[in-house]
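Since the structure of chain A is already known, use the hints to place chains B, C and D on it.
Protein chains in written order, with UniProt numbering: chain A, 1 to 342; chain B, 1 to 342; chain C, 1 to 342; chain D, 1 to 342.
Source of the hints: derived by calculation from the structure; they are not laboratory data.
Idealized CB from N, CA, C, for every residue including glycine.
If we take Cβ atoms under 10 Å as the criterion, some of the chain A residues that face chain B in the derived model are:
| hint | residue |
| --- | --- |
| 1 | H49 |
| 2 | L50 |
| 3 | R240 |
| 4 | L272 |
| 5 | A285 |
In the SDA-like style, the derived pairs of lysine to any residue whose C-alpha atoms are separated by at most 20 Å in a straight line are:
| hint | chain 1 | residue 1 | chain 2 | residue 2 |
| --- | --- | --- | --- | --- |
| 6 | A | K188 | C | K38 |
| 7 | A | K111 | A | K221 |
| 8 | A | K86 | A | Y113 |
| 9 | D | K228 | D | H249 |
| 10 | C | K228 | B | R297 |
| 11 | B | K274 | C | Y203 |
| 12 | C | K228 | B | G300 |
| 13 | D | K111 | D | G207 |
| 14 | C | K4 | C | E330 |
| 15 | A | K111 | D | E299 |
| 16 | D | K188 | B | N190 |
| 17 | C | K188 | A | R185 |
| 18 | D | K139 | D | V127 |
| 19 | C | K86 | C | T140 |
| 20 | D | K274 | A | G207 |
| 21 | B | K86 | B | Q123 |
| 22 | B | K228 | C | I298 |
| 23 | D | K4 | D | V69 |
| 24 | A | K38 | C | L187 |
4 protein chains.
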Amino acid sequence: MTHKIAILGASGYTGAELVRLIATHPTMDIVAMSADRKAGMEMGAVFPHLRHLDLPTLCKIEEIDFADVDLCFCALPHATSQRVIKALPDTVKVVDLSADFRIRDPEEYAKWYGGQHDAIELQQEAVYGLTEFYRDDIKTARLVAGTGCNAATGQFVLRPLIAAGVIDLDHIILDLKCAVSGAGRSLKENLLHAELSEGYSAYAVGGTHRHLGEFDQEFSKVAGREVKIQFTPHLMPANRGILATAYVHGNADEVLATLEAAYADEPFVEVLPKGETPNVKHVRASNFCHIGVVADRIEGRVIVVAVLDNLTKGSSGQALQNANLMLGEEETEGLMLAPVFP
Amino acid sequence: MTHKIAILGASGYTGAELVRLIATHPTMDIVAMSADRKAGMEMGAVFPHLRHLDLPTLCKIEEIDFADVDLCFCALPHATSQRVIKALPDTVKVVDLSADFRIRDPEEYAKWYGGQHDAIELQQEAVYGLTEFYRDDIKTARLVAGTGCNAATGQFVLRPLIAAGVIDLDHIILDLKCAVSGAGRSLKENLLHAELSEGYSAYAVGGTHRHLGEFDQEFSKVAGREVKIQFTPHLMPANRGILATAYVHGNADEVLATLEAAYADEPFVEVLPKGETPNVKHVRASNFCHIGVVADRIEGRVIVVAVLDNLTKGSSGQALQNANLMLGEEETEGLMLAPVFP
Amino acid sequence: MTHKIAILGASGYTGAELVRLIATHPTMDIVAMSADRKAGMEMGAVFPHLRHLDLPTLCKIEEIDFADVDLCFCALPHATSQRVIKALPDTVKVVDLSADFRIRDPEEYAKWYGGQHDAIELQQEAVYGLTEFYRDDIKTARLVAGTGCNAATGQFVLRPLIAAGVIDLDHIILDLKCAVSGAGRSLKENLLHAELSEGYSAYAVGGTHRHLGEFDQEFSKVAGREVKIQFTPHLMPANRGILATAYVHGNADEVLATLEAAYADEPFVEVLPKGETPNVKHVRASNFCHIGVVADRIEGRVIVVAVLDNLTKGSSGQALQNANLMLGEEETEGLMLAPVFP
Amino acid sequence: MTHKIAILGASGYTGAELVRLIATHPTMDIVAMSADRKAGMEMGAVFPHLRHLDLPTLCKIEEIDFADVDLCFCALPHATSQRVIKALPDTVKVVDLSADFRIRDPEEYAKWYGGQHDAIELQQEAVYGLTEFYRDDIKTARLVAGTGCNAATGQFVLRPLIAAGVIDLDHIILDLKCAVSGAGRSLKENLLHAELSEGYSAYAVGGTHRHLGEFDQEFSKVAGREVKIQFTPHLMPANRGILATAYVHGNADEVLATLEAAYADEPFVEVLPKGETPNVKHVRASNFCHIGVVADRIEGRVIVVAVLDNLTKGSSGQALQNANLMLGEEETEGLMLAPVFP
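Next comes chain A alone, as it looks inside the complex:
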């Protein structure tokens, strides 16, 4: 059976990545694609790398007949997303890639995103889209909220460790190195090649990055008490990929064993042999996440390093993984593409 798919906000990087992945998916058929300012254009004109595909012309959201749609990927900007999704008929399953439905608590949402939520009931209903930890809920969900790409990376490292109680909850530091596509296709001076290439810097230093809202929510829930981590992202002169270096207090063997147990049956998460750490390039353009554990020379300190591709496992790949579950397909369908190296 073929599922009829719509992509809203198809002219951004996550939209294009969805099309790339669905292009070889055997049972999904893209029937509608919206892009507000580019309505009327062909996708191949916006993204020439997709010109060989037979895709619907970009349109405005209001031109889409959602009666014909089984599942809708929503890759719209934050705040826009909640308004659009609220208006969709409830026969349509939705995978949202924005930040709008990641936070359950309206006050927390307002704190991190600076305003009242427009669809508070949906905010309660939405399932958090970190597949490996919410698989059963996702299968039956109507609305799944894709996680932040940084938030996904950090949780792959820390979530099992917090759940197992093998690390000190008051001394968790997450130093992230993020490629630039995570910033989207926005026109900013610091994202220009001339300014970013050969340069790198920290940003949102001091605990101001919005993905902390997700960390706080999820880690506190898992721990059964408030957990606040330190989190500093850095912008890298590279296009795809996140590398997270986590500094935790614990025992390296216990940490490794906990991660190995957590991901033993996971198709996309690979725990490396003890002492090895991963390279962000080894998961490029794929849905894989590699994690490595090393004991520090200081007794009781452990470093855990994880990598994934922000556009794939961190966003559109995760979205497709969730869509597969929601539609009753194999979870890995269309996602076993090997990483592109070099």
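What follows is chains B, C and D alone, placed relative to chain A:
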């Protein structure tokens, strides 16, 4: 039916690219992989991006039982390749990715490659692997010689134009811009990141690049007279891709029409609308080739620009395309992966 | 004696490059810097790499007292420049970095720049700023028009050859590879790191690039007849540098001897030994130009390759070189900085 | 007065960087340059970006007449350096760029560098070359040991804080992001453009990097007790620069005030306004170090970020700064070059 596949010389970039592509091919099963100096290692240790795959341990060529092999990809260095292939049982179909069987004329071979050929009969038998122009021969061939990656790019531009007689054969200039993976995994100072990044330069200037042997052979054959082009490659600070800028004398509309006719039914070659030229990034990690035609302001001069990924369409993708034909599979099987952008 | 310097349009890359060079110039003192939209800001806030310097606060042009200024570098956008310079008191010497005064013929100007010139008398008076060829005129000029960066590169290769009559004037092809800082700090999708890194493409194909106006004017003047070349620029995934590959008809030894003679006494132009060609990285952040000559395998065809840094020798370094001459300083003052490698 | 300078080991990146800096130094004259395997070659053939300079031909060390040399920069590999320097006449001042004389304690040396030291007396005599903290000793030293580039970066952040007692000595984490030129011109697969570009990874994880020997020695000395920090370097897809992110326990205002006081009169160290953090690109190819301080959202936690260019301030620039002091020149002579941006 599943075909049993061997890859000789699997520890180089073209070997890894073959594995990447075959990973999602439905009817190919890799049963043996050789890598002389890395025999005994797992492929995932040599190329960690492939660690999720269940692959045979790397071995020496002499350890492979070729009775169990239907088709062998040979990604060995030049000169080694001819000795190895000569020794293979003739029940095994072979797609060679080296330069050893590209040149028919032993003297031309000796001129460009600096030595006598060790398998002259095979040199005669081998079919030149530019699929779009040798499709029928490839279907029934036992040995197919993959083309040079630069040679492929230049031929996609020029071959139909020479065949159709729409350009002046004495004024053909091909200025190529080649990404660094074309140089393989060799350890040379000029291939270091510190030396190549932010730098670019011409090489093999003046008509000394070996791929001219292929151009001379193929263009002269197509034209029915000797054709010698000017060809200057440039090394780019990028990892994948070739962009060829061809300067020819002719009529732009005729040139465009000729190319459109030549590639009308080709699944992997896209001719762009008049006046547009392609970006090498729009075919990255894919088997596609994009070609664009522009009239110069000087009457009678035309610029044709083509792009492809040297590791995919220029090498391993082409090899798989040919293997599909040789094994009776759909030519496009495993190759419709969309380009990776950004 | 210290010269009082103003920089108009200091918030772009050429403005910043002027400041970098003047920072160690012994007899120039920057007394005023304008940046319309950033007036009131410190230069160190706009360009943090200059924060250690004691510079005047950015202001609006009308706030500058030009009675206090000996020489003014004008790094304003095209069209703006002519209006501003027309209004300056004629006691101020001016080095303009825009395109406004490069073209002598008002009709040619209108053709390439799409409009009437606002300062036609100055257009006649301005001296073309290619120092090596207009040195004497520059010494006594009040207004010097900096050349286009591509135009400078092409002329270093071709001008002596055309003047000496050693190449066929009807078969000149210039294939340029240009780094992205040539496009300035403009916010365009194709200049984003995510889109440019790992990508390259031709632009202004077919003879539509404005620098052809300079080539046409200068080459025709030197030749004493109309000369039209073919010129195709390509955008490179690199920040600084232009590499020009020229395809000409002639004798390689004659070409080499002509270039060696032309640049024998030039401090900034280096002609390489026969058969060697330059790398753009070897002139990075410097005022040097390297040129190499190679004979093609086809008798009578020659390839000449030249490199320079578009922001230095192609723009701000050239401007400083001219300013030195206009102010009676050593031509090389402040400009002998060695290239930055790696 | 002109000082006669020798550079031993001139064919590596730090040797080339020394030449670049000395090229515009008014009172230093390079009289001899050694490069063992490249003896007999011109420097311009090894590093074409230096071809405009009039430099001595590369020779073997034993060919140098050290009676003619005032100061010798020694850019040889570790272990080689100690043997060569031991044999130099003691009339020659020496700035060593290797690791050989950084560690005072022979046992600590043996632990980190895996062997007995060959010049133990010199090991005692050598002055540690972190100019800002050893200025007086350096002025009268005969032998100065240049610091590790990572070690310099970390000390600029942490040394004043440890000395002032404003941070918790048991909770110091230093996460470094290092450009590739720090690895020198060595031919390794992971340093190839094809492997490093678009990739990044941690290395020497767990407290095994040799620069920890310097941190342990210096921080313990400053603190008057043993101090062990956590230190994880990461290899970046960039050529020059180190960015250090330090996670400390303390009060942000105190930390900032301490750093401001420590560097108030330093010509090369810039402390940014509170809340700002630096970009590695803003110190490129210069001798500057920028430092920024931010309070974390968690009370009592502070993030300090510092950047410098590993080849300049981290190595050859520091060496020249020390040589200036040893020769009685202005400390900043030849070093006020503005950073290169973009």
